[in-house]
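Novice: For the sequence shown, the numbering used here assigns the number 803 to the initial residue and increments by one for each residue that follows.
Everything labelled a hint here was simulated from the structure, so no lab data went into it. Among the clues, some could well be false.
[Stated by the list, open to error] Derived Cβ-Cβ restraints for the label pairs, each shown as a range:
1) Asn-907 / Glu-1015: 16 to 24 Å
2) Ser-1019 / Lys-1044: 18 to 26 Å
3) Asn-991 / Glu-841: 20 to 28 Å
4) Asp-806 / Leu-836: 16 to 24 Å
5) Ser-868 / Ile-840: 22 to 30 Å
We treat Cβ as the ideally placed atom computed from N, Cα and C, and that holds for glycine.
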Amino acid sequence: MQIDAALKSIDAQIFVYKDILNHLYLAMNLILNLLSEIETSITFCKLGVLHHSIINSEILEFEMSSLSINVSDVLTYESLINVKCTIRRDRIVYFLTLPVYEDNNYHLFYLHSVPWWTNTSFSTIIPTHKHLLMNINNGIIKPLSDRCVWNDHYYCNIELLSQSTIDCERSILFDKSLETCKFTKIQINNNQLLPIPDTNQLLVIFPTEDQVEIKGSSGVETRTLQGIYLVDPGADSIYYHKSLMKGRGSSIGRPHLLSFNPINLNRLNYTPMSIDEITLKNIDNFHLNLNPVLNPDENEDYWYPSLTPSCWTIVLYLSFGALILYTCINYRKSLQVSP
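Using the sequences and the hints, build the whole thing.
Specialist: Quick look at the structure:
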């Protein structure tokens, strides 16, 4: 009888301890999930990227509704918001920077080098900046250090503006002249086709005569080409050596090859650099001039918290460990019951 009573008492204590351990396990999971959420938010904060762990779309839309700007679709602005964070006592403060864009409209240019034949070799102009903004009203051109963000429209951050001179690019767009430009001699050994980004068009350069197949609704047509072409496949399919040549995306812009005034080949200005062999895929990797970019001054008040646990976190873990250890010791003592 004493053994039965002792076993029932032990079972009751085990049930209580088990219930306590379950609650501790749930509490530990909640804490770990919270720490994981904080770690995720800080990681995205370090990257300067807005994430739902920092603020979800519903709360963001509510907060932005109090601003004096028209925000029709918060998702349009989410990818444009910059994030910084800092620690103030017992909390992490996140700073969301929403860019405000002016109403001026610009033409956005993407400059791509197109080789052309001069005398006995290929030459091309490698632009100092591939991306340019032209004000529609006054014609002022502003060079950009990188491409703008596409989100229904192109959004160009002021941080991308550069102070470098663009005499060549300006003379090409306004005067259709190449006198201020510097040419680079290149060697192209093979026929090449390159999809131009965001245009669904192909730049075709055939130093030697070759054939392409065009498959459309009316059948298959074979064409013999030699030279430089800008090809818009449209609904047709273009095959080169039995490989389908696909475009890359589409946008509201359309590329075109510029025509220039008559050029005196003897007066062309060449750079000292000569590229022995080049492909259309890597021509954009060559830059003749690396210009400084206007970057805003970093605010020293903002700093990123580390993930080193605080003293209170360590105390919390030690308390949980001590409680579990105490429970196990009492449970072991209760098993030592004499018959």
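Novice: Determine for every hint whether it applies to the structure shown.
Specialist: Status of each hint after checking the structure:
no.: 1; hint: Asn-907 / Glu-1015: 16 to 24 Å; verdict: violated, 42 Å
no.: 2; hint: Ser-1019 / Lys-1044: 18 to 26 Å; verdict: holds, 20 Å
no.: 3; hint: Asn-991 / Glu-841: 20 to 28 Å; verdict: violated, 52 Å
no.: 4; hint: Asp-806 / Leu-836: 16 to 24 Å; verdict: violated, 45 Å
no.: 5; hint: Ser-868 / Ile-840: 22 to 30 Å; verdict: holds, 26 Å
In summary, the numbered hints that this structure violates are 1, 3 and 4.
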